[in-house]
Amino acid sequence: MSEPEGRGGAWTVLVPSDPPPVRRRRDEGPPPQAARPARRRLERTSDASGKHGMAGPAAQLPAVQHLVVRYAKRGKMRFASHRDVARVFERGVRRAGLPIAYSAGFTPHPRISYAGGAPTGVASEAEYLSLALTSRQAAAQVRERLNATLPDGIDVIDVTDDAERPGALEASEWRVVLPGVDPAAAERAVAGFLALGEAPVERLTDKGVRRLDARAAVAALDALQPADCDGGARAAVTGVQDCAILRMVVRQTAPAVRPDDVLTALREQHGLVPSSPPMTTRLAQGPLALLAGTALS
Amino acid sequence: MPVESVYQALEPLLPRVRKPIQYVGGEVGSVTKDWDTADVRWALCYPDAYEVGLPNQGVQILYEVLNEREGVLAERTYTVWPDLEALMREYGVPQFTVDTHRPVSAFDVLGVSFATEMAYTNLLTVLDLARIPLFSAERTIAHPLVIAGGHAAFNPEPIADFLDAVVLGDGEQAVLAITDLIRDWKRAGQPGGRDGLLLRLSTVAYVPRFYDVSYHSDGRISNITPNRQGVPSSVSKHTVMDLDAWPYPRRPIVPVAETVHERYSVEIFRGCTRGCRFCQAGMITRPVRERSITTIGSMVAGGVAASGFDEVGLLSLSSADHSEINEIAVDLADCYEGTNVGLSLPSTRVDAFNVTLANELSRNGRRSGLTLAPEGGSERMRKVINKMVTEEDLLRTVTTAYASGWRQVKLYFMCGLPTETDADVLAIAQLARRVIAAGREATGRRDIRCTVSIGGFVPKPHTPFQWVAQCAPEVVDARLRALGGALRADRAYAKSIGFRYHDGQPGLIEGLLSRGDRRVGGVILAAWRDGARFDGWSEYFSFERWVRCAESALATEPVELAWYTTRERDYSEVLPWDHLDAGLDRDWLWQDWQDSITPEGAAEVEDCRWTPCYECGVCSAMGTEIQVGPTGERLDGKRLLPVVGGRA
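Residue numbers (our numbering), protein chains in the order written: chain H, 1 to 297; chain W, 1 to 648.
If we strip away everything but chain H, and leave its shape as in the complex, we get:
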C-alpha cells in the first residue's frame, strides 16, 4: 500500500507533484521533430516578447467561503487511491464551473483540503473534503453540480457550510465483509481480540516495516449476524457462500491504525483467514462518543 498515512482529524492539502512519477520508457527517445529557421516573415499581431515578458505569478482571488463536502467512494471507485480521488475532484470542480480558489505561486492548485482518505480498495460512505470558493454558493447547488459531473461511484452525499461543520473526525466506523469465514469463528476471534491488552502487528509501508498496536486504537468491535454477504453474484464465481461481517470503531491515531491492521491481528493471533480479500467500507467518521455509541448499541 502506498497510501499516505491517515492523520487523525487533520485536513491536508494534496499538491500533485509536477511530472507524474512515470517510469522511464526506453522508447521515449527524442520526438520526431524538424528544426530549421522559419523562412517566412511573420506578421506579429502583438508584441509577445515585450508586453508579456517574464511576468510574475498572477495574484489569485481570495476565498470567501469554505464548504465541507461529505462524499462516498463506492463500487468500482473503491479502487481509487487518495491521489486518484484528488484528481477526480480537481477536474470535477472545474467541469462543474465552481468558483474554486487557487493557491498562489507559479503553479497554482485548486484549494481543496482532504481529510485522511480511505485506503485504496476500501469503500466509504463518509469521506470529507473542504472547498475554498471565491464567491458564495448555495450548498445544495454545489452538491447537485458536482454530482452531475463526477464519475459514478464518487458521489457527493452532503455539502455544508464550514460554520456548520460536523464534529472533529476523531474516529471511523467500519464494516468488513470476510468471505469464506464462519460467523461463529468470527465471534470467537473478536472476543479473543477484545480480551487482549495489546495486539502488536507489522505493516509493510514505503518506508519499511512499521510496528503498530492494533488493539489500542479499537474503540469497539463486534461480529454481526450476516443477513446478506454482498456476495451473491460473486459467490457464483468463487463458490464461496459463507461470510462473516465485522463492525468496528477505530480511533484516528498517529501512526494510523486501519481496519487492515485489526484484520492482521485477527488472522495472526486468532486464525481468522478469509478465502478472498475482505470488503471494507467506512460507514461514518466523527466524534468518538457518537460513533462508539451507534456501533455498540
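If you are wondering where the hints come from, they were derived from the structure by calculation, not from laboratory data.
Please note that a few of the clues may not be correct.
[Said to hold, decoys possible] One-sided excerpt, in silico: chain W residues whose CB lies under 10 angstroms from chain H:
1) 7
2) 13
3) 19
Beta carbons: idealized from backbone N, C-alpha and C, even for Gly.
Starting from the structure of chain H, add chain W where the hints point.
Just chain W now, kept in the frame of chain H:
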C-alpha cells in the same frame, strides 16, 4: 446472445495488484452502449499499460468516432501488468474491456494501435489472455478480426502471421468503412465465412494472408505477390483530407488513474514537410493538412469544459510550423489568461520564433525547461539528416531563451546516424559548453542549465534511411560513454550540463522489429514464450533474451539478427514493405538517401510548405495536396472562454 461481464471474477483479484484503478473503467468521457442492439462491436486496444495507452490520441479519436454511430459500439482494452496477468491465468479470467468488462473474444473486431514496435509482444499477451488463437490462420468465424493500425503498422510484416488485416494511415474514415463491410457481410449471412470477410476487407486494408512472400537462397526477398484474384498488388494508406470535418476527440476520456499525459490535446495539423531523413512520422503522414484556427479554438473550449483538464497541448510533428500558429498562440493565451488553464506547445524547433511562442504560452507560468532538437552534434551530421540548423542558429535560440527567463534548455540528439564518426558525437560536448557560455553571458547568471538527451538512431521503413546499416550497439555505447566523459571533463561547465542517454541494445531489437520480414514473427513468438513483456520499459526489456530467441528462431534460415539490422541494403533488394504504399516515391527516397552521403556534402531538401514541391510523390500518387492556411480568422475570447476559477 447476451455476453456477461467478467467483473465479478476480476474484482477479488484487484486488491492484490498494483494500481487496481486502471482496470475498472468508469472514467468521465467513457461510453457504454447497449450490447444487444449494436450490430458491429469493436474492442480498441492500445498494447501497453493503461497509463500510457489511455492518453493515446488515436484510440480516443476512433473510440468517439465509432461510438457516435448508431448500431456501433467501441470499448477499450489495454495490456495488463504481469502481476494481474499471472492472477488472470491462475483464476481463468480472460482479457476484458475496461468499459463494461466484457471478454474481448466476444467482439467482432479487436483493433490494435501500434505507436511502437516494442509493443509487439504485448499483442501476443492480449490475444492469449483473450483466448484468441495467436495465428490468424487458426482463427475461426467465432473469433474477432484482429486489425492493426498506427505508425508501427506501416511495416506489419514481423507480426503479419498474428494479424488478420492492417490499416495503413489515418483511421477515422477507415474504421467506418470496415464497420460497414462487417455489417453488410453479417446481414448477408456471412457469405464465404471468415475468408469471405477478409476478401471484402482487402479492398480497404492489407490482408497479409492474401500475399505470398518468396525468398532467394541468400535470404533476401525475391517476391511479394497476391495469391488471390482481385487482391491489389500494392496497398495504399488512408488519408483524411479535411481535419475540420473530424474534430476529435471532442469529449476526451478523463482518467481517474494517473497517466503519462494529463492534458487535453488538439492536433493542430497532421503531416510534416520538413524532410528530416530519419523521421518516419514525417514521411508517412504526408501531406500536411492543417486544422483551422477556428476549429482549434472550438475544440479547445469544448475539450476543456468537458474534461476539466488544466492543461491544453497543441500537438503536431512541428507545431510552430502551422501557418497561423502566431494567431493561435496569442488568441488562446488571451482567452485563457487568468483562468489557471495552461497551454503547451511541444515543438522542439530550433529558432528564435519558437522561443517567442513558448514565451507567449507561459505568460504567467514558470519558465522551467525549453526543449530543442538539433538531433546531430556537428553541422556535417545535421546536413546528412537534413536538419538544417547552424551552430549560430542554435546559439541565438538558446540566448533568446535564457534571456527571456528560461532556466533550463534541453537538447535532443541521436547517436549512430549514417556516416557518423566519434568526432560528430563529441562535437555535442563542445556545443553544450558554448550553449552554457552564451547563456551565462546573456543573463549574467550561473544558475542556467542545459541537458543533453541522446539515444541511438533506429532506421525506419518508408524513410530515405530505410536502406542504411544500423550502427552496432557497442559503437553507440562507446560513443555515448566518450560523450559523457567529455561533458564531465571541463569543470567550468560540468555542473551546468546534464546528460541523459538510452543505451544501444534495445535500439538494435527495435531495429529488428522495424525492418524485419515475416520470418521475424518466429523471433517475436519465441521471445514472448520466453517471457518477453512490456519491451518498451527498461525494467522489463532483456537484450540477452532477444538475442537468444533470434538465434534459435532463425537457426534454419540463412538470416540472423545482424542481417536485419547492421546490414546495408542495396537499391534492387525487395524490402519487406515494398508492397505497402505510404505514397512516397521509392526512387525519390533512394535519391534522397544518396544525396545525404555524397562526398561533397549532403544536398539540402527544401521545406515544400514554403518552396516549390520536391516530388516525394505523395501529392501526385494519392491525389492529395498540402493544405495550409492562413484563414485570416481570429478567436474571440469572450465567446470562447469557459470561465473556470479566476484570478484577481
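Evaluation of the provided hints:
no.: 1; hint: 7; result: 8 angstroms, holds
no.: 2; hint: 13; result: 9 angstroms, holds
no.: 3; hint: 19; result: 8 angstroms, holds
In terms of the numbered hints stated before, the structure departs from none.
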